[in-house]
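Put together the whole structure using the sequences plus the hints.
There are 4 protein chains.
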Amino acid sequence: MSSYSRFRTRIPVRPDDIDMNRHVHNSKYSDYVLAARYDQMERCYGMAMDAFLERGLSWVVRASYIEHKRPLRLGDIAEVETAIAAIGKHGVKVEFEILKEADGKTVAKGWFDYTLVCVAKGRPQIIPGDVAAIYSI
Amino acid sequence: MSSYSRFRTRIPVRPDDIDMNRHVHNSKYSDYVLAARYDQMERCYGMAMDAFLERGLSWVVRASYIEHKRPLRLGDIAEVETAIAAIGKHGVKVEFEILKEADGKTVAKGWFDYTLVCVAKGRPQIIPGDVAAIYSI
Amino acid sequence: MSSYSRFRTRIPVRPDDIDMNRHVHNSKYSDYVLAARYDQMERCYGMAMDAFLERGLSWVVRASYIEHKRPLRLGDIAEVETAIAAIGKHGVKVEFEILKEADGKTVAKGWFDYTLVCVAKGRPQIIPGDVAAIYSI
Amino acid sequence: MSSYSRFRTRIPVRPDDIDMNRHVHNSKYSDYVLAARYDQMERCYGMAMDAFLERGLSWVVRASYIEHKRPLRLGDIAEVETAIAAIGKHGVKVEFEILKEADGKTVAKGWFDYTLVCVAKGRPQIIPGDVAAIYSI
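Just so you know, the protein sequences line up as chains Z, S, B and W, in that order.
Residue numbering for the first sequence follows my numbering, beginning at 1 and increasing consecutively.
Residue numbering for the second sequence follows my numbering, beginning at 1001 and increasing consecutively.
Residue numbering for the third sequence follows my numbering, beginning at 2001 and increasing consecutively.
Residue numbering for the fourth sequence follows my numbering, beginning at 3001 and increasing consecutively.
Incorrect hints may appear among the rest.
Said to hold, decoys possible - Pairs of lysine-lysine, DSS-like flavour, derived with a Cα cap of 30 Å: (1) S:K1069 x B:K2093; (2) B:K2121 x Z:K121; (3) W:K3089 x W:K3121; (4) S:K1121 x B:K2069; (5) S:K1109 x B:K2069; (6) S:K1121 x S:K1093; (7) Z:K69 x Z:K93; (8) B:K2093 x S:K1109.
Claimed, not checked - So, partial list: chain Z residues that the calculated Cβ filter (under 10 Å) puts toward chain B: (9) N21; (10) R22; (11) S27.
Rather than coming from a laboratory, the hints here were simulated on the basis of the structure.
No residue lacks a Cβ here, since even glycine has one placed at the ideal position from N, Cα and C.
So this is what it looks like as structure tokens:
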């Protein structure tokens, strides 16, 4: 487990997230993690995605891993907990765990490997010192 | 404007709702209305979709109309207001208006025409008296 | 029915289009029409969306109407037929019909009202003569 | 690399797959793999998902890993190649690679770990001999 701060975002399941199995569709869990990160970038780290874009920077997913434990269903609320696991030269690894609000049980967990890119050049970018500092809480 | 009660549901925009124009994707507005109706069926009318399904009934969209006024963007919160506009023999017409929470301005408005169906037969079903009563508030 | 040309695009149903009712999700029909228009702009009218963007122009949906006749299911292929119904000063009205390839039956039909906008100003734009000509086939 | 057969499915990018970065949205790659598997189950292995469901069986994702190499954009066509990597007692591991049709370059690759479940009990199910045989080509 990471020594960096863990943050939590509440994501209500929407009917359009449900698939033919009457569960939240697999690929939607990635979208829930993305939504949680956007929320936490702004609310918890104090640097919203917009602030990155204004500096000509953006984050892209290099790799991700997800393990499914239990389904979420219509009416459920997801609690998405994320934490920085490691800060590298050009990217960060973010661990996540998705819990079902009603019983606190783990729904899914895994990680995302994000690379910082310069939007103009489309190339990986060394993480600026102030960004590394913001993410080191 | 309908004489039936109007209810409101708050839907935060998620990053996966945003399209290449950096606005909420057109077809997602229908999904926001659907999410609002599911919420309001349970919370405001006291008869959740599950209660219909348990009685072998379901609602299907027969037709819909939507008018777009302004875009919603990442970080915005949609307020989805709906009201029954008319109750027919086999269905209901639901009016909606989507507002941007930050300024209260109208984002989109329109209506959905829903038909009640018997799930087993897949055929329109006369609206039972108790359902009509529930929707007449 | 329009006097302008009708074009057809084949769209295979994907598993992520299916919702809890085991049908193609309502709002996906709009996405099928959008996909058909993008295909037809390039393939049939000879002016792809990119060519509009390069001229600083884009199309936005002002209003849409859709009527559902029959469901599409997993394994089905949608045939999306569209035609310009009318060309106005700032926009075009596009009629569509979605058919199920296997039996040729109508799945849904309706129309989209698109407005041409100047991307920089975000304002409606008078349709240039050459664009009107391209769409008048 | 697996010693089992590799199969390929062609998936055209749709406009609703594109996100605010004007690339195919990350989570859509999982949906492309899912679409490819459904196609290949029917077309290449001769046992469509429906045939599993008729026997009271279904496949669920237990875990997945994906590595992103290059983006796909509007107008691109994805070639999704999959192969069984291993057949276990209750599941199969499927490797995939997504290529861009135009240049044959790798867009993404990874694997999915699927578990066979008994729909009625919602529990893992030992893979029947005939299913193992079908997947052993």
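Exercise for the section: State the violated hints by number, sorted upward, taking the hints as numbered earlier in the document. Expected result: Those not satisfied: there are none.
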